[in-house]
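Visitor: Chain residues, written in single-letter form:
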Amino acid sequence: QQPVQSPQAVILREGEDAVINCSSSKALYSVHWYRQKHGEAPVFLMILLKGGEQKGHEKISASFNEKKQQSSLYLTASQLSYSGTYFCGTGHYGGATNKLIFGTGTLLAVQP
Amino acid sequence: SQTIHQWPATLVQPVGSPLSLECTVEGTSNPNLYWYRQAAGRGLQLLFYSVGIGQISSEVPQNLSASRPQDRQFILSSKKLLLSDSGFYLCAWSVGGATYEQYFGPGTRLTVT
Numbered sequence: 001q002q003p004v005q006s007p008q009a010v011i012l013r014e015g016e017d018a019v020i021n022c023s024s025s026k027a028l029y030s031v032h033w034y035r036q037k038h039g040e041a042p043v044f045l046m047i048l049l050k051g052g053e054q055k056g057h058e059k060i061s062a063s064f065n066e067k068k069q070q071s072s073l074y075l076t077a078s079q080l081s082y083s084g085t086y087f088c089g090t091g092h093y094g095g096a097t098n099k100l101i102f103g104t105g106t107l108l109a110v111q112p
Numbered sequence: 113s114q115t116i117h118q119w120p121a122t123l124v125q126p127v128g129s130p131l132s133l134e135c136t137v138e139g140t141s142n143p144n145l146y147w148y149r150q151a152a153g154r155g156l157q158l159l160f161y162s163v164g165i166g167q168i169s170s171e172v173p174q175n176l177s178a179s180r181p182q183d184r185q186f187i188l189s190s191k192k193l194l195l196s197d198s199g200f201y202l203c204a205w206s207v208g209g210a211t212y213e214q215y216f217g218p219g220t221r222l223t224v225t
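Top line first, the protein sequences correspond to chains F and B.
Following the numbering used here, the residues of the first sequence are numbered contiguously, the last one being 112.
Following the numbering used here, the residues of the second sequence are numbered contiguously, the last one being 225.
Read the hints as simulated data drawn from the structure, not as lab findings.
Check each hint, because a few of them may be wrong.
[As the list claims (entries may be wrong)] Below, a sample of chain B positions facing chain F; criterion: calculated Cβ distance under 7 Å:
id: 1; residue: VAL163
id: 2; residue: GLY209
id: 3; residue: ALA210
id: 4; residue: GLU213
id: 5; residue: PRO218
[What the hints assert, rightly or not] Here are the computed distance ranges between Cβ atoms for each label pair:
id: 6; chain 1: F; residue 1: HIS38; chain 2: B; residue 2: TRP119; range: 20 to 28 Å
id: 7; chain 1: B; residue 1: GLN174; chain 2: F; residue 2: THR104; range: 14 to 22 Å
id: 8; chain 1: F; residue 1: THR97; chain 2: B; residue 2: LEU195; range: 29 to 37 Å
[Unchecked claim] A few chain B positions that, by computed beta-carbon distances, are all more than 10 Å from chain F:
id: 9; residue: ALA178
id: 10; residue: ILE187
id: 11; residue: ASP197
Model, not experiment: these values are computed from the prediction.
Cβ coordinates follow ideal geometry from the N, Cα and C atoms, glycine included.
Let's have the full structure, built from the sequences with the hints guiding it.
Guide: If you want it as structure tokens, here you go:
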């Protein structure tokens, strides 16, 4: 089951903050966040693991609510370079621990 | 440092023709390898993944196949392309399973006409 992201799209001015949410119907043990610019490959931002461990970007923060099977990505003081489509990827239990299921994507546009 | 290559970068093929896309990784051993497809304006659909030579897991039943003839080589193939096979094909690698980050190659943009 594909995780659902919200909002689908958001437009910001430079310096404004944004929150992107990722919600799964299945139990999670990891959540990944990636950013993809138009016509390019996705780039890794952050991993959040069950138990609270995080790995990734210093200027981007995220949370992982294991009980609610949700993660949120927090973009503060946005810059023009933050523009792109953000995808969450979820890792699940039960024999499929080598793969991720990617979410529906959130398009973020930062304007001057 | 590790690098991932994909070729070709772009491809235009007629319906019914064969397909072979190649992905190679340098600077690491025994990586997990993944093939994704991304339709225009859409998300990432996992097609195949491999945890070792000759080990392929298929995620979506379709006219595509994958092979891993060498540790750091992953090939996506089709005997007869369909219009619906058009898209952006991305190869990715990681050092392990879903608790490790994935690194994506530059992608192949395939148009089936």
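Visitor: Report holds or violated for the interface hint on B/ALA210, using the least CB-CB distance to chain F and a cut-off of 7 Å.
Guide: 3 Å, holds
Visitor: Given a cut of 7 Å on the nearest C-beta pair, is the interface hint for B/GLY209 held or broken against chain F?
Guide: With a minimum Cβ separation of about 4 Å from chain F (threshold 7 Å), the hint on B/GLY209 holds.
Visitor: Are all beta-carbon distances from B/ALA178 to chain F longer than 10 Å?
Guide: Per Cβ check, B/ALA178 is outside 10 Å of chain F; nearest 13 Å; holds.
Visitor: Quick check for students: does the CB of B/ILE187 sit more than 10 Å from each CB in chain F?
Guide: 18 Å, holds
Visitor: Just checking, B/ASP197 versus chain F, shortest CB gap more than 10 Å?
Guide: 19 Å, holds
Visitor: Okay, F/THR97 versus B/LEU195 on CB: inside 29 to 37 Å?
Guide: 35 Å, holds
Visitor: Holds or violated: the hint that B/PRO218 contacts chain F, with Cβ atoms closer than 7 Å.
Guide: 6 Å, holds
Visitor: A range of 20 to 28 Å was offered for this pair. Does it hold for the Cβ distance of F/HIS38 and B/TRP119?
Guide: Given range 20 to 28 Å: holds, Cβ gap about 21 Å.
Visitor: Range first: 14 to 22 Å. Now tell me if the beta carbons of B/GLN174 and F/THR104 are that far apart.
Guide: Given range 14 to 22 Å: holds, Cβ gap about 21 Å.
Visitor: Holds or violated: B/VAL163 as interface residue toward chain F, Cβ cutoff 7 Å?
Guide: Because about 6 Å separates B/VAL163 from the closest Cβ in chain F, which is inside the 7 Å limit, the hint holds.
Visitor: Return the status of the interface hint for B/GLU213: holds when the least beta-carbon distance to chain F is below 7 Å, violated otherwise.
Guide: 4 Å, holds
The structure shown violates none of the earlier numbered hints.
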